[in-house]
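A.B. asks: Sequence:
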Amino acid sequence: MKILFWVPYPSEGASNRYRVEQYLPFLKKEAIKFSLHPFWTKSAYKVLYRNGYYFRKFFFFFAGILFRTIDVFSIFRYDVVFIHREACPVGSAFFESAAFFLGREVIFDFDDAIFLPSSSRCNNFVEKFKNPGKVATIIKKSKYVICGNSFLADFSLRYNPSVVIIPTPIDTTKYSPMIATDNRPTIIGWMGSATTLDFLDPMKNVFTVLSSLFNDVEFKIIGGAFLIPGLSRVRSKSWSFADEIDDLRSMDIGIMPMPDNDWTRGKCGFKAILYMSMGIPCVCSPVGMNKEIIINGSNGFLATTQEDWVEKLSLLIKDSALRRKLGNAGRKTVEERYSLKANAQKYLEVLKNCKKVNCKRYGRHS
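Start counting the sequence shown at 1; every next residue gets the next number (this note's numbering).
Please keep in mind that the hints were generated in silico from the structure rather than gathered at the bench. Keep in mind that a hint or two might mislead.
Said to hold, decoys possible - Keeping only pairs whose Cα atoms sit at most 30 Å apart, straight-line, the calculated DSSO-like set for lysine-lysine is:
1. K141 - K318
2. K220 - K140
3. K237 - K174
4. K46 - K140
5. K325 - K220
Unchecked claim - DEER-style ranges, computed between Cβ atoms:
6. N215 - E244: 39 to 47 Å
7. R77 - Q306: 29 to 37 Å
8. A225 - E349: 24 to 32 Å
Cβ coordinates follow ideal geometry from the N, Cα and C atoms, glycine included.
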């Protein structure tokens, strides 16, 4: 068996890194051959979510089109085409249709509500060229569909009965807790990307209030520039693959604020899973999959209003024992339900033979 993986990004892109690349060692053990072909190169990804650089972005885009076209002419070498999110970021489902037309079995995997109009704030001009309607067409024609949560699965089931939910997992052998120390300021952290940095805007007042209540609290933002005028305790930096684990281990509390809308309901709660895998207690908005992952007060906290956020974060700032308790419970949740080990066999079964998967009934443990 040989699989062609079409993914949008190089390894720096979290989505395909966690939903495709970390499974590849398991494929090797099963003697499944594969090729991994991202649309955007590493050089492209460095500028993709930065303002400007339009000429370079257009150049990298047409390079991606060229390489996808070459893929189509070599598609006969593969038994299966696995498409993560989309083969091309704009336009029609041309490349996906080519795979269908040439008789390849197609597996479609997605972890965001990409059937809705969207674009990053750095690339708003692209929105008019995107075609979210093609997602339904790809789902309808695919052999089967892998979804990151039940919201996405509900949408997919309108067009294809062969749907299975596999959450975005984490390798708990790599992402593991570090023994915490109380001899430093309490650090409230957020890790994300430029596409979700706006979700932090409602937290500005929360950070300001907490700074007035506690002298030993700091805020660390990983994934973009985030400033609050007059508040010096906020530190922000770009995300780095090399620094990711060390940055996480520097956090005492993780946060995941989100607005409640169709786009965020399609999110797979991975930020919470990431914190919890490291034994970091987290406070999250009760939106989408977060409500499945977090049992409020047991393995984390859910917060809606500004008052909720201040209350829950204050409890964790004041009580290191509570932080350890929720952190340990969160780690156990991830090990049991959201770890790579817990989901690898299900993923492999889908790849090897979709008939082994009961696609008509889906659920977290199906």
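A.B. asks: Taking the hints in turn, state whether each one holds.
C.D. replies: Evaluated hints:
Proximity of K141 to K318 is assessed by CA-CA distance (about 54 Å); at most 30 Å being required, the pair is judged violated. Restraint check for K220 and K140: not satisfied, since their Cα atoms lie roughly 43 Å apart, outside the 30 Å limit. The straight-line distance between the Cα atoms of K237 and K174 is roughly 22 Å, inside the 30 Å bound, and the hint therefore holds. The suggested pairing of K46 with K140 is violated, with an alpha-carbon distance near 34 Å, which exceeds 30 Å.
Straight-line distance between C-alpha atoms of K325 and K220 comes to about 22 Å, which keeps the hinted pair within the 30 Å bound. One distance hint, 39 to 47 Å for the beta-carbon pair N215 and E244, is violated here, with the actual separation near 29 Å. For the pair R77 and Q306, the supplied restraint of 29 to 37 Å is violated, since their beta-carbon distance comes to about 56 Å. A C-beta distance of roughly 43 Å is found between A225 and E349, which places it outside the suggested range of 24 to 32 Å.
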